[in-house]
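2 protein chains.
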Amino acid sequence: MNKPAACIILLLFLFNTTNTKAEDGYRLWLRYNKVQNVSLYNTYRQSVKQLQFNASSPTLLAAKKELNNGLQLLLNLQPAQVNSVAASGTLIAGTPQTSKTIAQYSTELKAAGTEGYFIKTVNVNGKSSIVIGANTDKGVLYGVFNFLKLLQTGQSIQLLAITEKPEIKYRLLNHWDNLDRTVERGYAGSSIWKWHKLPGYIDPRYIDYARANASIGINGAVVNNVNASAISLTKDYLVKTAALAQVFRTYGIKIYLTARFSAPVEIGGLKTADPLDASVQKWWKDKADEIYSYIPDFGGFIVKANSEGQPGPQTYNRNHADGANMLADALKPHNGIVMWRAFVYDDKVPDDRAKQAYSEFKPLDGQFRSNVIVQVKNGAIDFQPREPFHPLFGAMRKTPVMIEYQITQEYLGFSTHLVYLAPMFKEVLESDTYAKGKGSTVAKAIDGELDNQAFTGMAGVANIGSDVNWCGHQFAQANWYAFGRLAWNPELTPAAIADEWLRMTFSTDNSFVNPVKQFMLSSRETTVDYMTPLGLHHIMGTGAHYGPAPWVNNLNRPDWNPVYYHKADSAGIGFDRTSKGSNAVAQYFPEIRDQLNNPATTPEKYLLWFHHVSWNKQMPSGKTLWQELVHHYYRGVDSVRNMQKTWSLMQGKIDDARFNEVKQLMAIQEQEAVWWRNACVLYFQSFSKMPIPAGYEKPEHDLAYYRNQKFYFLPGTGGAQ
Amino acid sequence: MNKPAACIILLLFLFNTTNTKAEDGYRLWLRYNKVQNVSLYNTYRQSVKQLQFNASSPTLLAAKKELNNGLQLLLNLQPAQVNSVAASGTLIAGTPQTSKTIAQYSTELKAAGTEGYFIKTVNVNGKSSIVIGANTDKGVLYGVFNFLKLLQTGQSIQLLAITEKPEIKYRLLNHWDNLDRTVERGYAGSSIWKWHKLPGYIDPRYIDYARANASIGINGAVVNNVNASAISLTKDYLVKTAALAQVFRTYGIKIYLTARFSAPVEIGGLKTADPLDASVQKWWKDKADEIYSYIPDFGGFIVKANSEGQPGPQTYNRNHADGANMLADALKPHNGIVMWRAFVYDDKVPDDRAKQAYSEFKPLDGQFRSNVIVQVKNGAIDFQPREPFHPLFGAMRKTPVMIEYQITQEYLGFSTHLVYLAPMFKEVLESDTYAKGKGSTVAKAIDGELDNQAFTGMAGVANIGSDVNWCGHQFAQANWYAFGRLAWNPELTPAAIADEWLRMTFSTDNSFVNPVKQFMLSSRETTVDYMTPLGLHHIMGTGAHYGPAPWVNNLNRPDWNPVYYHKADSAGIGFDRTSKGSNAVAQYFPEIRDQLNNPATTPEKYLLWFHHVSWNKQMPSGKTLWQELVHHYYRGVDSVRNMQKTWSLMQGKIDDARFNEVKQLMAIQEQEAVWWRNACVLYFQSFSKMPIPAGYEKPEHDLAYYRNQKFYFLPGTGGAQ
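Chains A and B, in that order, give the protein sequences. Residue 1 is where the first sequence starts when you use the numbering used here, and the numbers rise one by one after that. Residue 1 is where the second sequence starts when you use the numbering used here, and the numbers rise one by one after that.
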């Protein structure tokens, strides 16, 4: 019974007599609230009294509008528009083509490359000025957003000397959005793409979506689900997609589509989709030509083939390279790319699910066309709270490999749990593959450094929906933000990203930023603790992936069942992936393989991923494995409760509306953390036969209660399957 | 190709340099923008300098918060809170229990009844004051909203003497929202009810929804689809529903649920749902008791039984009264009601669909329990652009009958077409049934006047979804608003309602209000013209009901096919419902029956509803029927184009954001009006064999083109069936 919750929230609402307009989260991190620090406010205003910004292209117009809007709201300032610098405090923005001043900064321009920019304090005509310069319109737009961020986060703009350029070429959001506006694994309402009203109606939200992406450097979006419908390739839908592309283009974002492999049959009237069949090849070539006639800068295709029921080249006894290359050939004349997903889940049940992608793709290395990128999930199973890095990183030496993260929290509490994902993104990037000896991190494997790849990419499965606050949880916006920032610069720290996001999104008050940043940074480890500590994985509820269900053992395929993954028995728990087990460790380079093959050298956080371990095994802490496992589950709940305590102290430091929303969701998170903990501890106890150590609160219900719970109409289950 | 549309909108956005925050429509008609007229602004501020308003109940707190918030935003005023009147310009609000002053106005209080209120300029202690008084907290809340409306619409508040009370007891929104958040016939995104996060998370939108409803007097909401899932009656979902009820209660809104008739089998473990079975009766009694334990003021059930595949009493060879009475008995101890829908569509194909509801329900008159209301759609087919009033109005003399309107535009262009529905609502209310002689209007049949019924009701199928602007089209908000206003007072005119809505929602500028009001008032007739003129009906696309498809003749049941309804042939067009045909006219009282039995006395707007008419028949205009039909179709398109012209003149009079949104949607409406016109004229021409008269633009495509169009993923088709 949660009647009190509704009551309390309502009374909080009713007794709150401040009449300011409620913050609803729609503005994301682009709120541009007036600068509160008086000294900064005055200094800023002196620095941007005039604006020299010749803009005629859509992208420069967008940059200028953003800048003027930001200055108006942040500084209550409408800078004078000037054509030359006659006074100090002039902001000059543009490219060498639009500004003679900017053309002079050849060193900075060279460093900025095609997408970067520089922001510099300079003297022009003896007057102190600020220059935002770039080689391209898009670079100027990125520079403007960064300049506004300096003001939003309270940085000094006195002696600026910033040069920024992205480390990764393709920085993409993948929307698992279906054409009926359901979103597979979406927890923030329906798809923001209103296909029915396109192309005639441009929802204002499309522009705000593009602004938000541009502000963090995202330069591509796949707008439809990888579990694809061929309908999105029909003329009617291409015309709709072209209208979206028009909006995106202004903000430097290319549009991509999923290609349903069987489209030639489903909408093309062919009898086969065999990639080596000439009529099929021609169909895709014609289709590519048609797409580019509507969308001249179309980005390309993403394909999920021969996985979870999707059709693919193996349907015709061809391999992934055959399929990818056919599409690549069709796109090549237009400079389009194919992102071919390595997440394969075919009809054969492998001895170890974790091995399949590597087994299928490693032998194909070198066989892909130059405009194919293989898209590899961060781990080998499926976006779990924690996974060791995918063995394909560093292993495909002749093929560009991009990483795929999941921003939407399919396995991390949906949009109900506060889980800041940057530490997880970062953990993978920092993992050392040893592909070319020590220091061959995943980051270097995907930013092209390792093998001098030109095509580099990072994709994130979006957590965006029609909820007014975009992501369902005010803090889930941080994951969208962090993904974009890390795709731009994988060297950034989760702390630095959280810091700037909090200042822009909520408040620059350090007494708010610092404690909240602290719990953000630990929130992912907290979630691992109460869901899947010590290397456990894939023990959630079937289908919707909601809540714990480690007991499930009756699904059609062994590798669909949680028991397949944890393998708990009276002796112990964990999946033996060593050379004595599935030998998945052999997919890693020797240094890592040997480390993981030995439980003594395996990092504790991955222990049960690679080893079946006795309940009695003594852990470094001195506890037995059983005690350690229980400790983690209880610690996870404690951490959520500590987060709640910290949050309660934030009341009054931010707006009541968002404070209350987060407070309510944290209460649900606490309930669900307890549920995870109790269900898992009680279930694993049925194997360990050991007691829950003294001092821990007793589970409220017995195991049967948790096993018998039923849930209906869970979110995120709409989709092609 | 609509690339230019996106381009123009984007450029409009980019070149618009005003930096005001864009209007997104979220605030509906409760924007409370600052009063622009300086004289009014000053007068208003003098009139409400002090506030005497003792509030401790949730509803009075809500009223006070609304009032303070409104005065702050409208007048930049925070009135001094006082306990007695010591100066002029005091606003006194409350009930006799909270204010001795108010207790003195016994005449006004008596007139206000339990839900009404009075607003009166009075002298208190010799000081000019304004009193908002009511017998109940809810009445005060309604009074506060009306007072704020006076300020929003620029009325004088100098000599107030208002007494208002609702004419209809049950003023309900019916949400056809499924538990998976799809909305059957919903065109504004997914359901606003986030069931998964209930009861712990109270979306701020729930409160704004309740505020909006309270502001127009809506006092009930059925939150789930009439095509029901029994899951909504499980404990988990009742707890969720109770959390919504808590929010609604504060704003005077009762919550209702649909009752899936087969729930005793589906979730109760019984073998039957036979309403005469004692175990079934007990199950429903226990279920009702359980519901009221969570929701003490639960409103009751709505039931769609034995219609379009839904289970019902006829499944067990019982009749509608048997089914309704069983549920009524279960609810009776708690003062709950049953709304039993007369929209029946059973397995047998009737000779005339239009006759079925009357045929089944009229014989049951007098057999229903006192807490059953039969809910009857405004017309006998299904929410068509125009239908003659339903013959059950006035016919059920011993049974309360409530009217069901469809606010969502299933058959009226979804949320893409601007169609102001108040004229349609009103047309039905003003229709004379002759049940007790001339003047026995539908309004009198449903407001209880005709047969002195105590239980009176008006239900509207909601057009609300998760779109930021709630209804998908800024102007669709007007239909929600108008429904509520007419349920409060069926005597209001569509013009008066449009006037106040426009002033609150957009602008009080008469040069905006007057022309826009004019096209709103004609917009429904415009839509009838381009869709189904002269009494045509049910000729839309199958399933999704999108666009024209008068040619469809291959559906399983005759009465699913458009050809069944228009019966066009070489001789003429129209459904003969006279005594020589289906004799549906006999369901009306003699005066109407005789009028409709004769084509010469049948109103032209209903002609083809009741008569099969020769293409050559000469119409009052002097045109042949064919020419008249063509004339209407072309006039409909012309009217849309005129509306576009008028709208284009409004640029600058309101915010650019909403101006542009409406402009885009009008362009789509124009395209779809042309599509309707061309498809219908060409199709009917294939029977009439007559030319399109000279002077009309030629259809762009041939009939085959229109017949071959295919559409996918149309909105509003999610649902139980």
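Just so you know, these hints were derived from the structure itself, not from any lab. Just so it is clear, the structure is predicted and the values come from calculations on it, not from any experiment. Some hints could be false.
A pair counts as met if it fits within one copy or between any two copies, since identical chains are not told apart.
Pairs of lysine to aspartate or glutamate, EDC-like flavour, derived with a Cα cap of 16 angstroms [what the hints assert, rightly or not]:
hint : residue 1 : residue 2
1    : K710      : E266
2    : K710      : D236
3    : K348      : D509
4    : K254      : D365
5    : K65       : D656
6    : K362      : D322
7    : K605      : D576
8    : K65       : D702
9    : K127      : E670
10   : K567      : D24
11   : K617      : D365
12   : K362      : E670
13   : K362      : E427
14   : K271      : D559
15   : K698      : D297
16   : K623      : D559
Here is how each hint holds up against the structure:
no.: 1; hint: K710 to E266; verdict: between (37 angstroms within a copy, 14 angstroms between copies)
no.: 2; hint: K710 to D236; verdict: between (41 angstroms within a copy, 10 angstroms between copies)
no.: 3; hint: K348 to D509; verdict: neither (56 angstroms within a copy, 70 angstroms between copies)
no.: 4; hint: K254 to D365; verdict: neither (27 angstroms within a copy, 64 angstroms between copies)
no.: 5; hint: K65 to D656; verdict: between (30 angstroms within a copy, 15 angstroms between copies)
no.: 6; hint: K362 to D322; verdict: within (15 angstroms within a copy, 69 angstroms between copies)
no.: 7; hint: K605 to D576; verdict: within (15 angstroms within a copy, 78 angstroms between copies)
no.: 8; hint: K65 to D702; verdict: neither (60 angstroms within a copy, 46 angstroms between copies)
no.: 9; hint: K127 to E670; verdict: neither (57 angstroms within a copy, 56 angstroms between copies)
no.: 10; hint: K567 to D24; verdict: neither (45 angstroms within a copy, 53 angstroms between copies)
no.: 11; hint: K617 to D365; verdict: neither (41 angstroms within a copy, 78 angstroms between copies)
no.: 12; hint: K362 to E670; verdict: neither (42 angstroms within a copy, 56 angstroms between copies)
no.: 13; hint: K362 to E427; verdict: neither (23 angstroms within a copy, 72 angstroms between copies)
no.: 14; hint: K271 to D559; verdict: neither (33 angstroms within a copy, 38 angstroms between copies)
no.: 15; hint: K698 to D297; verdict: neither (60 angstroms within a copy, 37 angstroms between copies)
no.: 16; hint: K623 to D559; verdict: neither (31 angstroms within a copy, 74 angstroms between copies)
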